[in-house]
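Keeping their order, the protein sequence lines are chains A and B.
Numbering-wise (the working numbering), the first sequence opens with residue 1 and increments by one.
Numbering-wise (the working numbering), the second sequence opens with residue 1001 and increments by one.
Some hints could be false.
[Said to hold, decoys possible] With a Cα cut of at most 27 Å, we get these calculated DSS-like pairs of lysine-lysine:
1) A:K57 x A:K82
2) A:K82 x A:K134
3) B:K1138 x A:K82
4) A:K233 x A:K89
5) A:K41 x A:K54
6) A:K82 x B:K1095
7) B:K1138 x B:K1153
8) B:K1138 x A:K95
9) B:K1164 x B:K1138
The hints are simulated quantities; they were obtained by calculation from the structure and are not laboratory data.
Model, not experiment: these values are computed from the prediction.
As a plain string of letters, each chain reads:
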Amino acid sequence: MLRRFRLEEPESVADASELLGRFGESAKVYAGGTELLLAMKEGLVQYERLINVKRVKGLSEIVAADGMIRFGALCTHHELEKSSLLQQKLPSLHKLEQNVANVRVRQSGTLGGNLCFAEPHADPGTLLMALGAKLVAEKSSGKREIAAEDFFVDAYETSLQADELLTEIRVPAPTDHSRSAYLKFGYLERPSVGVAVAFNMNGGGLSEVKIAVGCAGPAPRRVPEAEMLLNGKSREEAERNLAQAGAVAGRESQAITDLHGSQDYKEHIVGVLLKRAFQSAVS
Amino acid sequence: MAKAMTRHDAQLLPLTFTLNGRVQELDVEPHELLLDVVRDRLGLTGAKRSCDVQVCGACTLLVDGRPVSACTTLAFEIRGCSVLTIEGLAEKNGKLHPLQEAFIEHGGFQCGFCTPGMILAAKALLDENAAPSEAELKHFMHGNICRCTGYKKIIESIMAAAKKMRGNA
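Bound-form chain A, shown alone:
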């Protein structure tokens, strides 16, 4: 049962930002609603106003430009899974999008909404971190880029300011040497652990290794000590270091015990998934 609220339907980012500034915490941005409406139905959060941003034009594009693959924040998971550009350029993200929740959630849910809601047991933020994505935050007076790894502050908390909207997600276009993979595991509706890995493989050596772990703790995070065990190594050395890197990544993941598994269990799964994600990325 949803409680009454009022609806605002701005048609520009500036108008949406102005409404957010004016109504503060009594209002919330609404896009696909797949997570927000559940929390509202449960009575966990309550707002006097929802600001429907789906009438803002130009936030559903998927384009390759300036060395970036750029996604409008209003792209639904369905639009992303059907995008041949995404399938071609970023197959790991394409596969992730094919496996978000279920077909109905993918139909309504948006990538931007998924990131902004910052539900800890979500997929996209983890891989976007490993891919070196930048998130564009916009308000009436201007815009800024936030690195994906600086976006998530805590469970359900991002570094967006109160009157800022996430408008675009920018992922560096891959080269012939780029490798990446995302794997998740869980036994409930949402994943217990998600692990993303991305690196360049050139002449048998690995560089720019980025590993991110999601779902284990309150927010997805990079695991730099684990990355160091693979970065600059030959493929063979990296494979020898994988088990150790997995154990380190588990410890660095800040896993917490919750419904989706104990801390120990999640740390173990991080190691298993890192190994498999690495193998999937190099194959």
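Following the hints, put chain B in place on chain A, whose structure we already have.
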């Protein structure tokens, strides 16, 4: 803390959409859910409220041919859209859709609670992929839960309907 809103504050939004081929015009409040409008205001009870969190698929409706969870879709969102419920699937003369026939023929249900959602989700699948592999079928249908059967007969029903529909095309 947001203050509770009362009926006095009601904001009415005009809503025009097509329901099973028939134009509907009504006013809805922003918080009204598609499932409540279809079941309680328009009297079509095929779609079921079950999990209420977009997990089970019992409330599946097709909006412009795509499956949505009516339990978590705000009614105003379907303005200008075409909505199909299980009540609108058979032909006007009562002839069942091949999916409905196949579910009967292959025993694709027991209690029937999940069936409207199963059939509509399956229709969305077959409309975009007339010859799905079993893996594709399972991937698409994994968000529709049946608590009676082992899914085997549901899969058989959808595969049989797909075959029949390809034959008719």
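Check whether the Cα positions of K1138 (chain B) and K82 (chain A) lie no farther apart than 27 Å. With a Cα-Cα distance of about 18 Å, the restraint between K1138 (chain B) and K82 (chain A) holds, given a limit of 27 Å.
Within a Cα-Cα threshold of 27 Å, do K41 (chain A) and K54 (chain A) meet the stated pairing? Status holds; Cα separation ~21 Å.
Would you check the hint for K1138 (chain B) and K1153 (chain B), treating anything up to 27 Å between C-alpha atoms as holding? At roughly 13 Å apart (the allowed maximum being 27 Å), K1153 (chain B) and K1138 (chain B) satisfy the hint.
Given the hint that K1164 (chain B) pairs with K1138 (chain B), does the C-alpha gap stay at or below 27 Å? Satisfied, since the Cα-Cα distance of roughly 19 Å is no more than 27 Å.
Agreement of K82 (chain A) and K134 (chain A) with the hint, judged by alpha carbon distance not exceeding 27 Å: holds (22 Å)
Can you confirm whether the C-alpha distance between K1138 (chain B) and K95 (chain A) stays at or below 27 Å? Status holds; Cα separation ~16 Å.
Mind checking the alpha carbons of K82 (chain A) and K1095 (chain B) for me, to see if they're no more than 27 Å apart? Distance ~34 Å between K82 (chain A) and K1095 (chain B) Cα, so the pair is violated.
Hinted pair, alpha-carbon criterion (27 Å max): K233 (chain A), K89 (chain A). Please report holds or violated. holds (25 Å)
Hey, K57 (chain A) versus K82 (chain A), does the alpha-carbon distance stay inside 27 Å? The given pair, whose Cα atoms are some 20 Å apart, holds under the 27 Å limit.
Against the hints set out earlier in the document, a violation occurs for number 6 only.
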